[in-house]
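Could you put the whole structure together from the sequences, leaning on the hints where they help?
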Amino acid sequence: MHMSAVRPASVPRAFLAAAVALFAIVGSSQAQAEEVIVIGHAEITEAYDPAHAFNPTSGMVNRVAYDTLVTFPDADASSIEPLLAASWSISDDGLVYTFTLRDDVAFVSGNPLRAEDVVFSFNRLKNVRAQPSFLADPIDSLEALDERTVAITLVGPRPSFLAELANTAFSVTDAEVVRANGGTDADDAAEADTAMSYLNQNSAGTGAYRLSSWSPQDRTELVRNHDYWGEQPFFDRVIIVNIPEAATQRVALVSGNIDLATDLTPDQVVALEGNDDIGIFLGPGRWTHFLLMNRDADIGGPMADPLVARAVRYALDYQGYRDLWAGSVTPGSNMWIGLAGAFGQDRAMGRDVERARELLAEAGYADGFEVTLQYPDMTFAGVSLSTNAQKIQADLADVGITVRLLPGEVQVALEGYRSGQQGFAYWFWGPDKLDPVDFLEFLPGGKVAGERARWMPEMADDETMAMIERAYQETDDDARLELFTLLQEYAQEHSAFAPFNVPAVQTAFRADIEGYVWHPQWGLDLALLSRSN
Amino acid sequence: MPLYKYVLRRVLFAVPLVLGITVVAFLIANAVPADPINANLPQSALGNERLVAAFREKWGLDQPLHVQYLTYLGNLVQGDMGVSIRTNNPVFDDLRQFLPATVELATVAIFVGLLLGVTFGIVSAVWRNSVVDYAVRVLALIGVSFPVFLLALIGLTVLHAQLGWVAGPGRLGFLLSRPPHVTGLFTVDALLAGQWATFRNAASHLVLPSLVLGLYVSGIIARITRSSLLEVLYTDYIRTARAKGQREHAVVLRHGLSNALIPVVTLLGVLYGNLLAGAVLTEAIFAWPGIGRYAYRAATSQDFPAIMGVSMLIAFIYVVANFIVDVLYFFLDPRIRYV
Amino acid sequence: MSLITPPATPSTPLTVRRGHRLRHLRRHPEIVVGALVVIAWIVLSLLAPWIAPYHPLEQHIADRLQPPNDTYRLGTDELGRDILSRVLYGGRITIPAGLAVIVINSIFGWLIGAVAGFVGGIWDEIMMRVTELFMAFPTIILAMAVTAALGPDIRNAVIALVIVRWTNYARLTRGLIIEAKTNEYVEAARALGAKNPYLLFRTLLPNSIAPVVVYGSLDIGNAILLFAGLSFLGLGPEPSSPEWGRMISIGIHFFDQWWMWLFPGLAIASLVMAFNFIGDGLRDMLDPRTR
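Protein chains in written order, with our numbering: chain L, 1 to 533; chain C, 1 to 339; chain W, 1 to 291.
FYI, nobody ran anything at the bench for these hints, they're computed from the structure.
Please note that a few of the clues may not be correct.
[What the hints assert, rightly or not] Over the 12 angstroms line for every Cβ pair with chain C, so calculated as not near, a few chain L residues:
(1) 88
(2) 100
(3) 159
(4) 180
(5) 182
(6) 275
(7) 415
(8) 445
(9) 450
(10) 463
(11) 485
(12) 516
(13) 528
[What the hints assert, rightly or not] Partner residues aside, some chain C positions facing chain L, computed with beta carbon under 10 angstroms:
(14) 85
(15) 161
(16) 164
(17) 170
(18) 174
(19) 181
(20) 183
(21) 289
(22) 297
(23) 302
(24) 303
A quick note: this is a predicted structure, and the numbers were derived from the prediction, not measured.
Beta carbons are placed, not taken as given, at the ideal position from N, Cα and C, and that holds for glycine.
See the structure below:
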């Protein structure tokens, strides 16, 4: 301040030098000042290895740590857009997809992207036989035609294939790095592949960010990939901290300790609406909450009876769940409401206690029965599963079914669910494929129906099975719509599931955070976020 | 009795106790669950005959009970406590990872408890049956009567969420990275690395949970201090000191306290072991990533191997802590040397 | 919170001297206050079905998360259940559970302690070592292990607490029996040809049972706290149950809605404090040193 009053000539040289040095230090430290964003999130993941990870948290992280061949627009699934693949062609019989890769892409290791990496990644996904591996089932063979061309041959025609390729399970990984860390894409990968521990701590992709560390149930850190081939993201570092409790997320957000909270409850968001420091995003939800009733009588007990499953669908107080979770809707089936032709609230089932009792009597349970409901003890995206489970318990009590609640730790409950050991369970589902075929997972022959609810093809009539088969392959839009309408009607009558609520998405963030876009496939795209001054 | 002989004798006492702990753990692990395979393997593995057979063989489940115990002991000696159903890691590795957080919390908490408890105890004894005494005794009663999780919630709501005076759940602020690992105690490691901001932050996160836990033991410490001080105050040599005209508080502090604290010291080992256990409830609320939270999460997911691992670890610490206290006692109480 | 197992189980057996008890009650008002609070809670729990405004499980979704008001005196929870009704009904779970632990422990612990003390020798030695082992285990974690193995519910929580706390009773009884064995009337009975079982049940039983009952009544507070702790951790009654510890556990998710967890918390605290008042008073009354 006083310096301006002093003539430059009178300033001692040493002082001037010191001032310059000081300026240099300040300047350089400014240049070093990192842009960091802290995300409060209820972590639900067992891995970040794209061939193993299959859950909301890993979807969000791998969306920016890896790239897929094709992708969707930023906010919806209205079209298929190129990503690592610059262009592609489909053979006339719909069996062979040929992709031409971009030539300007390198992995975080510096290795250039080659067709061989795609072949390795997809074969590995298929052969590790992990949770998302079923997505690779339609693939018959892969071939690198040259450095930049890869041909994928399918088992049968599959109009939804490109949409399925947008799933982060199809992330393209650096074959050299993954191999160097124990990875293999050979047939015996399920036993021989040991790259997961490396890929849980480091990403080997081409994304805008690089996974730099993961401390499970604690925090995940991503750092900018300076050599990213696409547009550089705003933040240098992304820290995702695991805050399972919505109440704690709220306090952390309001006090400015975190920039964005992914799991606030609808009530909390409403309460935050007047707060000038907080921005809010509200949108239609992606997650269908449903009950699973195992068709294997040894596991499901009375729940295995299709009449009982139907009675349960009539017993649920759908309006009550809508009241509990502001902005939520009742789905008409397990087909995500955002997909073309999905039954929305207008075609949803309504509560009919009398009908439910009749059905129970018809099944031989006029006096009701006792059953245990298993569910993961968690709050997901602001929705407490425990709260819903207690409401389910009360709803079913009205028709004479006595429900005992058995909450479990997420990871453990997931294992029981995925291995089909749960007789009566409460879970939620977000589409793996943003295409109506995603719903076929919940019908005989599908993954969820078969592996988790033991609802097998032989339990359905031939006509229905033929219809399901056609649904996979039909390319004509009108014919598809009709098929899926019939299948949803079939599910309302016969399904082993009872979908009951699709909560809205609500995210709150500090008012200076910009660029929040929500996508039905990966949720939040971290690379689009920025901070205004 | 010379020190080495005394220590040796204590060690000889401790060894069968540690062995016995493994027996109890083994019996609970085998007698309580209807089927040890159900309790020890994840649901998804139950359908896999190969995994079930491997488990049977590893723990000798086809053998008679005493052989099973020896197998169990053999595995244990090699640091094998089984694999956690929830984390899929060896329980031993998990415990090693989570123990430092709990040790840090429990150590600070016992100091807080001692500070509060001894102060309360002295005040209460010196002004016996006065208003102060009653107030302190009621406070001590609150300490032992209020569920520790209620105190934790009140503290969290008022001091953190409402007033913002102290840090909330967790061990460290979200923006800070962990100090370089030396001891695993964040405060100590941060100091060693010269990271002041990290130290202050870690210390601030310690305030609330250690206060809650400290309050919870302070009630017990206050009661013991009070009654042993009262006892000492009526012994002859205090009367003598009084008769010699020394002032009351000088009498209390100089002569009474050092003797009155012996029972408190005796109890420290027990208290420390119990603090580790009491940490379960506190850690559950404060998202404190220690063995208490580990045990809690293990219990809620029926992760049997993990929870048995925690029980054994704490029982072991309990034995060691009492051993240390016994040795301390040797120096504190001269009478022992003449036994 | 008394997760603390008294280090040296009542080394000075609580001897109940008849006659001057009532006289001392006047000098120990805390006993009277404690007893009144305990009785009040028992009466409130018994009358809950008649005095509670709502059924504890009745959900009013439209009225959820309401702070205390005229309709819901203590507010409502996340499903619109009336907190007051739930707190009143909660006593019907917690108090019997605490009592069950104490009663089973008294009987079971008494039997083991009595046999050890009476038979003596190697059996006594074994019993003492076994109790030491059990006491090395952290109470709540051992209880968690047992409930984890048996599956979470009220009965199993009670079983777990019996398994972890019987040792205190056994050691107390053993001490009493050994002391009583040396009494003249036992000698006399023996001289008259009394057989061992007869001695145990006819002479030693009445003399050792009173202190065990007294100790048990002082221990109810601890048992209740432990039970609530287990249930707080999700190892007791199921989520919708109006059990107090269970109700408090929701506080982690709703610390802004303080009424949801503070009232059940105060219910436990007041009950346990009342038991501790009684305990403290009795201890003072019987142990003149600390008076």
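Q. Okay, which hints does this one fail, numbers in order?
A. Failing hints, ascending: 7, 19, 20.
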